[in-house]
Amino acid sequence: LAKTTQPISMDSYEGQEVNITCSHNNIATNDYITWYQQFPSQGPRFIIQGYKTKVTNEVASLFIPADRKSSTLSLPRVSLSDTAVYYCLVARRNNFNKFYFGSGTKLNVKP
Amino acid sequence: KAGVTQTPRYLIKTRGQQVTLSCSPISGHRSVSWYQQTPGQGLQFLFEYFSETQRNKGNFPGRFSGRQFSNSRSEMNVSTLELGDSALYLCASSLEANTGELFFGEGSRLTVL
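Quick note, the sequences are listed as chains G and H, same order.
Here our numbering is used: the first residue of the first sequence is 39, the next is one more, and so on.
Here our numbering is used: the first residue of the second sequence is 78, the next is one more, and so on.
Same shape as in the complex, but just chain H (with noise of 0.2 Å):
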C-alpha cells in the first residue's frame, strides 16, 4: 500500500507569496492532518481534516489555511508569506479522526527569502 504523499518535496518563496502544498493519504484513510516543524518550535499541529470538513485548528493566524476533497486529498495554502514559515510541512493520515495512529508523509520543506 502507498504511503502519504506530499508534493512538492522542496521549494523557495519569497515574503509577500503564497504556496500551496499537497498531501494524498494513504488509500482508505479519511482523516488528514497538518503540522508545522522548525527548529525552535517544534511539531506544531495546524489543522485536521475529515470527510472535507475541519475538525481541529491549531494556533496558527489566518494566513494558513486547507481544505481537503472528496477523495481525501488535502490542500495547505499559506498566504502573504513571512520569513517565519520556513518550515518542514508535515501531512498525516489516519483511518478514523482523532484516533492518534497516523502515517506522517516525508513533508514538503518551505524556505522563506
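Just chain G, with the same shape it has in the complex (with noise of 0.2 Å):
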C-alpha cells in the first residue's frame, strides 16, 4: 500500500491559486491518485482523481509527474469557503484493495 505525506497545514489569501502537494514514493503502477475536501463534521468530498500527467475538472487540476512519485493538487482563486482539510489518496482499481487516507492538509484560507 502506497504511504502518503502531505503537509500538515498551509496558509493563503484569497484570489491565490493554491498547490498542495502529496508524496507517494511506493505508488504501484495500477493505483490511482484521488483527492478529497472536509469540512468540519462532515463527510470528505470528491475533488479529482488521476493517473498521470494533468487532470482538470471544474474546481480543480491534479499534476502527476512522470514517475509518479508524488502529485500536486491546483485550486485555482481560492475563496474563504475553500478553508477545508484536504486529503491524498492512493487507491488501486479493480483490485482487493484497503483505502487509507493520510494525516490532510489543513488549508487556511485568509481575506
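Keep in mind the hints are simulated off the structure, nothing from the lab.
Every clue listed holds true.
Far from chain H, some chain G residues (derived; all Cβ distances over 12 Å):
{"hint": "1", "residue": "Glu55"}
{"hint": "2", "residue": "Thr59"}
{"hint": "3", "residue": "Ser61"}
{"hint": "4", "residue": "Thr94"}
Only some residues are given here: those of chain H computed to face chain G with a beta carbon under 7 Å:
{"hint": "5", "residue": "Leu167"}
{"hint": "6", "residue": "Glu178"}
{"hint": "7", "residue": "Phe181"}
{"hint": "8", "residue": "Glu183"}
{"hint": "9", "residue": "Gly184"}
These numbers come from a predicted model, not from an experiment.
Ideal placement from N, C-alpha and C gives every residue a C-beta, glycine not left out.
Work from the hints to combine the two standalone chains into their complex.
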C-alpha cells in the first residue's frame, strides 16, 4: 500500500492559487491518485482523480509527474469557503484494497 | 440523485452497550465502505462491502462488524462500547469496488459515556 505524505497545514489569501503536494514514493503501477476535501463535521467530498500527467475539472487541477511519486492539487483563485482539510488518497483499481487516507493538509484561506 | 444517507446522525451510548449504524448508498452504487474519524487518529478504514460480501477489513477489533443487504444498504455494529469508540462514523458508497472515487455521507456522531 502506498503511504502518502502531505504538509500538515498551509495558509493562503483569497484570490490566490494554492498548490498542495502529496508524496507517494511507493505508488504501484495500478494505483490511482484521488483528492478529497473535508469541512468540519462533514464527510469528505471527492475533488479529482488521476493516473498520470494532468487532469482538470471545474474546481481543480491535478498534476502528476512521469515518475508518479508525487502529485499536486492546484486550486485556482481560492476563497474563504475553500478553508478545509484536503486529503490525498492512493487506491488500486479492480483489486482488493484498503483505502488509507493520509493525515491531510489543513488549508486556511485568509481574507 | 439523493446522496449517501446515514442514520442516526447523533447518538449517545454508555460503555458496554452496543450500537447499530445505518447507511443507504447512492442509488445504483454497489460498494459501501465505513470509516472512523477521531481527532487523534484521523480517518481510519473499517471495512468495505460489495454485493453483500465483505471485501476488505481494516485493523479494528472484532467488536466492529458490518453487513450489506441485497439493496446495497449497509449497517455497522459496535458491541461492548468503549470510551475510545467515540467518533464520527462515515459511510461512503461508490459505483464499483476499489476505485477510490467515494461519495461520503455526513456521518453518525457517536458519543460513549
